[in-house]
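Chemist: For the sequence shown, numbering that gives the first Met the number 0 assigns the number 0 to the initial residue and increments by one for each residue that follows.
Please note that a few of the clues may not be correct.
[To be verified] Between beta-carbon pairs, the in silico distance windows are:
| # | residue 1 | residue 2 | range |
| --- | --- | --- | --- |
| 1 | ARG74 | ASN201 | 35 to 41 Å |
| 2 | SER1 | PRO135 | 18 to 24 Å |
| 3 | ALA83 | ALA245 | 18 to 24 Å |
| 4 | VAL105 | GLU199 | 34 to 40 Å |
None of these hints come from the bench; they were simulated from the model.
Keep in mind it's a predicted model, so treat the numbers as computed, not measured.
Each residue gets a CB set at the ideal place from its N, CA and C atoms; glycine is no exception.
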Amino acid sequence: MSRYDAMFARLHNEGALGAFLMLGDPELATSARHLDALVEGGTDMVEVGIPFSDPVADGPVIQAAAERALKAGVRVDDALELIAGFRKRHPDVPLGILTYANIVEVRGRERFMADAVTAGADSLLVADVPSLEAEPYSALARATGIDLVMIAAPNTGEEALDRLARLSSGYTYCVARAGVTGERSDLALDHQQLFGKLKERNAPPAVLGFGISSPEQVRAALDSGAAGVIVGSAIVRIAAEGGDVAGFVDSLKTATRR
């Protein structure tokens, strides 16, 4: 059983909380402490970004985090070392990488996935690879032993959902709204039809992300039928401001309990 499968089985009537951080922001030692703070706060799963100069799916908060990490000299090898350290300290917490095709392709798909698995990552989401081009990623991921997570939205077409269900594993990243990552006061959660289509296809559990930044929004996302949520920009911002990351994550996790 994968760490994601074990997590969803353990939670039963509780929603899964995923917490995102940019690896190496603002530098390696502080980044490692922030990762530990996510677990201390009670996150069920961790999602991490690898610093990249052109993160097209990310809003200004996460873009700024990537810029800080790059300015500190953080590169892919450093990010993998942070993951390896996290895995030693937290052997049971699922951890996924959200990154971009350039990062994967420069290293080589096979080598990138193998190194990610060796470091202790459970999943890989390549944000700018559409489902039509995901077949080779999926095949290599299955051969390497890492889950390939794919993105779905309420306007994703039927054929694309068929491909997603066939090619992905771990969980399905469902975007809560159009656009890039970032905190929002308004969320139009109209995802019941999408969740139903994913279940009909036996796709991996639906986890909502993009724009969720408060306990109230976590609760609303779970009430809409999601199996879990991922909170990114709000945590990245609090970490950058020197705030209480563990305390904020605890408030989000409390909202997942029905």
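Chemist: If a hint holds in the structure, say so; if it doesn't, say that too.
Modeler: Here is how each hint holds up against the structure:
1. ARG74 <-> ASN201: 35 to 41 Å: Holds: the Cβ-Cβ distance is about 38 Å, inside 35 to 41 Å.
2. SER1 <-> PRO135: 18 to 24 Å: At 21 Å between Cβs, range holds.
3. ALA83 <-> ALA245: 18 to 24 Å: Since the Cβ atoms of ALA83 and ALA245 sit about 22 Å apart, the hinted range of 18 to 24 Å holds.
4. VAL105 <-> GLU199: 34 to 40 Å: Since the Cβ atoms of VAL105 and GLU199 sit about 38 Å apart, the hinted range of 34 to 40 Å holds.
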